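J.: Residues per chain are reported as follows:
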Amino acid sequence: MPAPDDPRALLESVNAADRDLLVATVRSVMADRAALRACVRFSSAVVKELAGTEFDRLPNDPRGATAVVSILTTHPAFGKGRDLVAASPVLGPGGDDPSEFDARREAAEVLAVGVCALIAENLLDERHAAALTQVAIGADAASRLVRDMLFGGRTRDIDLDLESLIPSRLIDLETLERMGCGHEIAGAAAKLGLGFQPARAWATGITALAPSGACAGATITIQGSGFGAAQPSDVVVMFPTRDGGCTVAQVTAWSDTAVSVVVPASAGPGCVGFASKGTPADFAAATHFADVLDHCIGPAALRVSTKIRRFAGLSALPCAPCLAGGANRYAGAGPIIDGFTANGCIEAVVQPGQNVVLAWSVRNAKSLTLSRAGMQGPFAVPPTPLPATGILDLGPFNGTQPASASYVLRAANACSTETRTVIAKLVREPTLKISSIEVVQAIQRADNSVRLAARKRTVARVFVESGITDGFDYGSGPGVVPGISGRVLVFAAGQGFGTSGAPLPIAALALPAGTHDRNLGTHSFNVELLPTSDLAGPVRIDALVWVDGHETDVGGPWKAFASTSVTFQPRARQEVLPFLISDFGNLLAAPSLAAFNASLQEARKRYPLAEDAYVVHPPITIAASDAFGNPYNLAGAFDWGRLLFDIATMVFLFPSTPTGGVRAGLVPRNGGGLTDVDGNAIPPYAVNGMGSPRVGGVAPAFVCQALLPGTFAHELGHSCGLNHAPCPALPGTPGSGDCSDPPSDIDSRLPGGTEDVGMDVPAGAVIPTGRGELMSYCGDLSRCPGPTRWPSITTWDLLFDTLPI
Amino acid sequence: MPSVPRANPESWLVQGLLLADNTFVRSPAFMIDAPALPATRDQATPVRVEALDAKGKVLLRSALDVSVPCGDTAGTAASFRFVSGAIALPQKTASVRFLLDDGIVLEDYLVPKGSPKVSLLSVPKPNAQGLFTLKWKSEHPSSAPLTHAIGFSADDGKRWQPVGLPTHANWLEFDLDLLPGGDACRFCLKTTDGIHTVSATSRPFTLRVKSCVAMILAPESQTRVRSGAPLRLRGQGYWLEERRPEFDALFWSSSLVGAMGRGAEIEVQDLPAGKHDITLTAGEGDRAGRSTIQVVVSD
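Line order of the protein sequences matches chains A and B. Heads up, the first sequence is in the numbering used here, so the first residue is 1 and it goes up one at a time. Heads up, the second sequence is in the numbering used here, so the first residue is 1001 and it goes up one at a time.
Possibly wrong hints are sitting among the right ones.
[Unchecked claim] Distance condition first, Cα-Cα at most 20 angstroms in a straight line; then the derived SDA-like pairs of lysine to any residue:
#	chain 1	residue 1	chain 2	residue 2
1	B	K1135	A	D626
2	A	K605	B	E1267
3	B	K1137	A	A627
4	B	K1135	B	S1122
5	A	K605	B	S1122
6	B	K1135	A	F628
7	B	K1137	A	F628
8	B	K1135	A	A627
Calculated directly from the structure, the hints in this document are not laboratory data. A quick note: this is a predicted structure, and the numbers were derived from the prediction, not measured.
The following block holds chain B by itself, in its conformation from the complex (with noise of 0.2 angstroms):
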C-alpha cells in the first residue's frame, strides 16, 4: 500500500488576512500530516484559537503568528496581516473561535457535521501525453463547500508534489509532459471542507520517463543584438525522475553557425547576421532534451 497522506491528521493549518477593520478572511483549512506550530513570534496585536466543545467549554487556546506582509511599494502598506498557525485540535472540538486581543471575536467557526465523500473517476492511459483533465466525485453529509487539492506521485507514493493550485471544482486540468514519469505513478485528492480532511489516491499508471527538461534562462527569445556584440547564454537541466539539475551536459548551437559551446553559461561573439534559432540540448544520449529561442543579429 503506497504511502499515502494520512488519514488522521496531525494539526490544522489555518491562513489568513486581518483586515484594518478587524474582517478576518480566513483561507479553507486543511487537516495536514505535520505536528502543531507554536506562534514563533511575539505579537503586539495577537490572535488567538480557543477550541471549544459543544458545550462551549474551552478545550485549547493557541496563539496564532500574525505578520505585516511586505509590499515593497511606492505607496501605503499592505492594510491587512498574515495571520497563520497549525493547530492540534482536540478530537471533541465542535467550534472555533478566533480572538483579537483576547477580547475581539474575529470570528466563530463551527466544524461542519460529518466529513466529505470523495472518488476519483479516472487516471491517464499508459503513457499518455499533453493536457488531461482529473476528475473526482465529491459529497459531505452537510453541503459544506468543499477545496480540493491534487497530488502527484511518480514513485508509487514516497514522495509527493503538487497539481496547481487548490480548487472548489471537481476537475483539475494539468500538463502530463511536465510531470516525471514512471511505471508507478499515482494521483491523490485532499478534499476538506474546512476542518474535516479526506484523502484519495488513485492505482498506480504509468506515464513515459521524460528527457531533461531544458531550461533557456538568458536570453529572452526575440532578442535582438548587433553584430559583434557578446550574446550571453544561460541555461540549465532539470531531471523530472532523478530530481537533479543539470548543469554540465549543456550544449548551445546556432542554426547558422552550428555548435557554440557547452556549459551553464556561455557567451558568444561575431555571430552572423541573421535569424538565429538558438537550441539548449540538456543531457545526452535518448534523453536529451531540447529548448530553442529565435535570437535576431543585426548588421
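Chain A extracted, bound-state conformation (with noise of 0.2 angstroms):
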C-alpha cells in the first residue's frame, strides 16, 4: 500500500484499480455515438469563444445535457463518491510549463460544462458539485478520461495508457486544502443549482387546432382542457417557425378549453403548444462562480467566466413537442421551399455543353411553377402540374462566351407566394499553365541569358497560357482568359522564406499556347520585385498565378505554379560628379540638384547598376562662361565644345583629385519658348547635350540640357567609351540634318535598335523590340524623334563590362 504522502504512488494504485472500469467505461461510452455527438455539442456550445457582438444564450439542449451526465456519472466520484486523490497543476500561482495554461482552461471549461448540464438535468447539488470538482481537477485517470470524453478526444486522442497519463507536477491534497480552492469551486458551483427550474415546453391538453392552416396575421383556437382559467405569468404560446424553430405567439384569448392565438408572420408548419421560461439560475451565484474560476484558475479560464457571467440568468424557451396524431399540428402559413437547385448549386458554373438539371422540393404550395428568365441558357417544358419535389434535366448549355441563364420557381397558396431563383452561367473553364518566367530589368531575351544586375529593380514577367483550345472567348478573343493576378515571390540562397514583389498595374491575360507576343505588356502577369539585398546572387523566383476570383482555391484548372532561378552579379559603384551650370548670359538659373537626379534617373534605369550604385558627390554649381568671364553662347555649339573642354580639363590639371568619375554637367532646358526679363526672345539652345568618350586628353565628361529624358543616359553613354548606333541609318543625306541623316562616329558593334523586349521598370511599361537604340539619334528629342531611346542588349553588355568608369 503506498504511503499517504506519495501523491504519485497512490495515483498508480488508483488507477491500476480503476483500470477495468476504464476500459468498460470508453467501449460503453463510444457504443453510443450519438449520445456522445450530443455531449460534444452540448460542450462545445457551453465553451466556444463569443465572436463581435454575437449575443448566444446557454445551451437549450436537453439531449446534450443528459449525454454529458451520462459521461460525468461514469466517474468513481460521482458512482461511488470517491475521494480525490491529488490535483493537476491547475490551481494556484501557475508554473512554468506552458502547457499548464491548457489544462488549467480544460479544467474551467470541464466546471462550466458539468454545471449547466446538472442544471439542466435538475441534479446540481454540493454532492453533484464536489464531483463535477474532482473531475476537472483530478489527476487521476478516470477524471483524465472523463474530460477527454467530454470533448470527443478534442486536443488529444483518448488515452488508456494509465502510467504516462499521471502529471509530472502535482497538488497534494495537503496544499489543496491550504489553497481552499477545491472546496471553493464546488461550493461555488452547488449554489447554482439552488431554486434552479429549467425551461420547459409542453402540449399536454391539446386536442386540435381551428382553423390548423390559417395564414399569418389570422387567428387561430387551439382548443382542448386544462388549459386554466387564465394564462398562468409564466407560460407563452410557442408557435413553429419556417426555419424548423419556433416563436412566442400572441395570446388574444384564454380559458381553460380555448386559447387565442395570433400567427406570427415568421410562422411555419409544425407543432403548436405552451413554454414556461422556467426559474433562470440565480445572477450573483453565477457571477460569484465566475469569481471563484477566476481566482483559483487564474487567466485561463477568463473565456469562460466571461461567458458565465454575460449570459448568468438567462434561460431559453424550448419549442412545444409534437402530439401522436397531429392534434396540435400547425399546416397553414405560406408556401415553403426546401431547395431549388441548378446542378446542386444557386449557382451554378456549367461548362459548354454541359446539361443544365434543376432540382425543388416545396412544401404547402397549391400552385407551382418553373420558368426561364430571359433567353439565356437551355430550358425544357416542365411537367403540368409540377410536382412538389421533381428534378428536370434541361439539355446542354451551349455557347462560345459567356452567358448566364436564370430559372424561376414560383410557389403559391392562399397565405403567399414564394418565388426562388437560380443561376447556371456558362465558362469554359481553363487549365492554367505558366509557359515562361522572364526576369528583366532594361532588356532581356526569352531565355533569361541577358545578366542581371544585383540590387537592381526588376521585373519578373509570368506568362500564363490559358489552356483553352476551343475558342471559347471571354472578350478579350478567342480562348483568352483575363483577369490574371497572382503572386511573385523571391528565395535567397539559404533563405527559407520569400520576399513578396509587387504587381504592376497591367491588366494581365492568359493566352492560348503559342501566341504570347513578349512586346505586349498585358500578354504577362508582371510584378516588380524590390531591389533589396535578395536581389543578389543566385535567386530562386516562385510564381503562383490565377484567374480573378480563384485566389483561394486549392489548386485547380484556375490556378497555376511554376518557378525559375536566375542569378544577379554584383556590381561596383559609380561615382558621378554633378555640374550644374547657369546660363550666365540669359540669366537663366542652374538647374536643381533634383533636376540633377531626374536627368540621373534616366540613366538609372537604363544601366546595369545596382539602384544605389550611383555615387552622387555635392554638385559645383558654376556659370557657363570662359575665362575671361565672358558668357558662352549656348545657342551656338561651338560654345558648347568649349564649355564641355573646361569641364573635362579639370580632371588633367590635378589629376589626383579625389573627385571621381563622370563629370556630368546640366545646364536649364532651353527648347526655345523663352523670353528674357525684357521679353526678348532666348534663342533655343543648339544641342541637346554633348559629350565625349575618354580619349587623348577629354575626360569622361558631358553637358546636357535638363529634362529631356534619353539625352542624359546618351551622353553617359559616350563617357563610358560608346559611340553612336546606326540609326538613322543609310542611306541617307549626311549632313542634312534631317531624319535621315546618320549620325557620325558610327559605333560599329552597335544595332540601330534594340535586338529584343525591354522594360522600362520605374514606368512599368514594355519596350518592344526594334526601339531606338540608346547611343543612336532615333527617339527622344534627338534628330528623329519618337519614343524614349532604349539600351540594345549590346549596349547592355558593354556597360555591364565596362561600369564604373
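Starting from the two chains in their separate frames, assemble the complex, guided by the hints.
T.: Rendered as C-alpha cells:
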C-alpha cells in the first residue's frame, strides 16, 4: 500500500484499480455515438468563444445535457463517492510549463460544461458539485478520461496508457486544502443549482387547432382542456417557424378549453404548444462562480468565466413537442421552398455542352410553376402540374461566350407566394499553365540569358497559358482569359522565406499556347521585385497565378505555379560629379539637384548598376563662361564644345583629384519659347547635349540640357566609351540634319535598334523590340524624334563590362 | 613638404576645336603631371603635331585624337571636331606646328620666352566660412597671356581637387563651406603661358570639419501633390572629409507630421494637407547635416 504522503504512488495505485472500469466505460460511451455527439455539441456550445457582437444563449439542449451527465457519472466520484487523490497543477499560482495553461483552461471548461448540464438535469447539488470539481481538477486517469470524452478527444486521442497520464507536477491534498480552491469551486457551483427550474414546453391537453391552416396574421384557436382559466404569468404559446424553430405567439384569449393566438409572421408548419421560461439561475451565484474560477484557475479560466457572467440569469424557451395523431400540428402559413438548385447549386457554373439540371422541393404550395427568366440557357417544358419535388434536365448549355441563365420557381397558396431563383453560368474552365518567367531589368531574352545586376529594380514577367483550345471567348479574344493576378516570391540563396514582389498595374491575360507576344505588357503578369539585398547572387523566383476570384482555390485549373532561377551579379559603384551650370548670358538659373537626379534617373533605369550604385558628389555650381568671364553662347554648338572642354580639362590639371567619376554637366532646359526679363526671345540651345568618350585629353565628361528623357543616358554612354548606333541608318544624306542623316562616329558594335524586348521598370512599361538604340539619334527629341531610346542587349553587355568608369 | 603638382611636368595637354573651315581654336594648354597619351583611334582626318627646334628641325611628330562630338541634336550635327592629346615635348622645342592630313598647317605656335612667375597673396583665416576670394600675383617676362587653375587639398597635399574652372583673372571666389575641412588645408595655383606651367602652393590653414552633406535628390522643392497621393523621397549624404557617400544614416521628417522614415529612398502616403518642410538629416551626432525643401500637399 503506498504511503499516504506519496501522491504519485497513490495515483498509480488508483489508476491500476480503475483499469477495468475505464476500459468498460470507453467501450460503452463509444458504442453510443449519437450520445457522444450530443455531448460534444453541448460542451462546444458552452465553451465556444464569443465573436464580435454575438449574443448567444447557453445551450438549451436537453439531449446534450443528458449525454454530458451520463458521461460525468461514469466517474467513481459520482457513482461511488470516491475522494480526490491528487490534483493536476491547474489551481493556484501558475508553473513554468506553458502546457499548464491548456490544462487550466480545460479544467475551467469542464466545470462550466458540467454545471450547465447538471442544472439542465436538475441535479446540481453539493454532492454533484464536489464530484464535478474532482473530475475537473483530478490527476487520476478516470478524471482525465472523462474530460477527454466530454470534448470528444478534442485536443488529444482518448488514451488508456495509464502511467503516462499522470502529470509531471501534482498538487497533493494538503496543498489543495491550504489553497481552499477545491472547496471554493464546489461550493460556488452548488449554489448555482439552488432553486433553479429549467425552461420546459408541453402540449398536454391540446385536442385540435381551429383552423389548423390559417395564414400569418390570422387568429387560430387551440382547443382542448386543462389550460386554466387564465394565462399563467410564466407560460407562453410557442408557434412553429419556417426555419424549424419556434417563436412566441401573441395570445388574444385564454380559457380552460380554448386559447386564441395570432399566427406569427414567421410561422411555418409544425407543432403548437406551451412553454414556461422556468426559473433562471441566480445572477449573483453565477457571478460568484465566475469569480472563483478566475481566482483559483487564473487567466486560463477567463473565456468561460466571461461567458458565465454574461449569460447568468438567462434561459431559453423550448419548442413544444408534437402530439401523437397530430392534434397540435399547424399546417398553415405560406408555401415553403425547401430547396431549388441548378446542378446542385444556387449559382451553378456550367461548361459548354454540359447539361443544366434543376431540382426542387416544395411544401405547403397550392400551385407551382417553373420558368426561365430571359432567353439565355437551355430550357425544357416542365411537367404539368409541377410536382412538389422533382428533377428536370434542361439539356446542354451551349455557347462560345460567357452567358448566364436564370430559372425561377414560384410556389403559391392562399397565404402567400414564394419565389426562388437559381442561376446557371456558362464558362469555359481554363487550364492555366505558366509557360515561362522572364526576369528583366532593362532588356532581356526569352531564355533569361541577359545578365542581371544585383539590387536593381527588376520585373518578373510571368507568361500564362489559358489552356482553352475551343475558342471560347471571354471578351478578350478566342481562348483568352482576362483577369490574371498572382503572387511572385523571391527566395535568396539559403533563405527559407520569400520576399513578395509588387504587381504592376497592367491587366494581364492568359492566352492559348503559342500566341504570346512578348512585346505586349498585357501578355504577361508583371511583378516588380524590389531591389533589396535579396536580389543578389543566385535567386529562385516562384510565381503563382490565378484568375481573379479564384485566389482561394486549393489548386485546380484556375491556378498555376512555376519557378525559375537566375543570378544577380554584384556591381561596383559609379561616381558622378554634378556640374549645375547657369546660363550666365541669358540669366537662366542653374538646374536644381533634383533636376539633376531626374536626369540621372534616366540613366539609372537603363544601366546595369544597382539602384544605390550611383555615388552623387556634392554638386559644383558654375556659370557657363570662358576664362575671361565672358558668357558662353549656348545657342551655338561651338560654345558647347568649349564648355565641355573646360569641365573635362579639370581632371587632368589635378589628376589626383578625389572627386572621381563622370563629370556630368547640366544646363537649363531651353528648347525655345523662353524670353528674357525684357520679353525678348532667348534663342533655343543648339544641341540637347554634348559628350565625348575618354580619348586623348578629353576626360569622361558631358553637358546636357535638364529635363530631357534620353539625352543624359545617351551622353553618359559616350563617357563610357560608346559611339553612335546606326540610326537613322544609311542610305541617307549625311549632313542634312534630317531623319535620314545618320550620326557620325558610328560604333560598329551597336545595332540601330533594340534586338529584343525591354522593360522600363520604373514606368512599368514594356519596350518593344526595335526601339531606337540608346546611342542612336532615333527617339526622344533627337534627330528622329520618337519614343524614348533604350539600350540594346549589345549596349547593356558593353556597359556591364565597362562600368564603373 | 607637401606633394604638389611637380614643377617638371611630363606632358603637354592640348585641346581644341577644329572647325569646318579648318580653323583651329586651341584652348590654353597646361603641362600636366601625367605621361603622354598616344592617339587612341584611327582617324580619317588625323591632326598631327610637330615639335620644332629654333632652327626648324623637327624634334618630334605625334598624332592627336580627333572626334566628332555628339550633339544629340534635332538638327545638323556640330560643325567642328574635338582635337585632344597629351604630348611629351622635347626640351628644345621652340615652336609647335599643327597639321591636318599631313599637309594643311592649322597653326604654328611659338613657345613663349621665359616662364610665368606667380605667388599667392592670401589664405583664409582659421575656420573661415562662406565666400572667400583667393588672390594671387602673376607676371610673365614676355607678357604672354596667362591662364590659372586652382586646386585645393584638405590633407596637406596628398590629394587635390579643382576649385572652379580655368580663369585668366588673378582672383577666384568660391564657397569655403563646400570644401572639406581639416588643419592642413592648402591651395595650389597652376599657371600656364600656354606651355610653361608653374605652381604655387599656399601654407597650410585650418577649415572647420564639415557636417555630412545632405542632398535631397527628389522631389524638387515646391513640388505639389494631392492628399493621398504617394510622395517618393530620394536622398543621399556625402562626407566631404572622408570622401565617402552616406546611404544608410538618412532620416526624413516633415514639419507637419514629424518623422517619416529612414533610407536613401522612401515613399510616404497620406500626408495631411498643408505646406510641409521636408528635411533630410544625413549622418548622426555632431556631424549630422540637414537639407530642407518645401512640399505642398493639397486636398
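J.: Hint by hint, which ones does this structure get wrong, listed from lowest number up?
T.: 5
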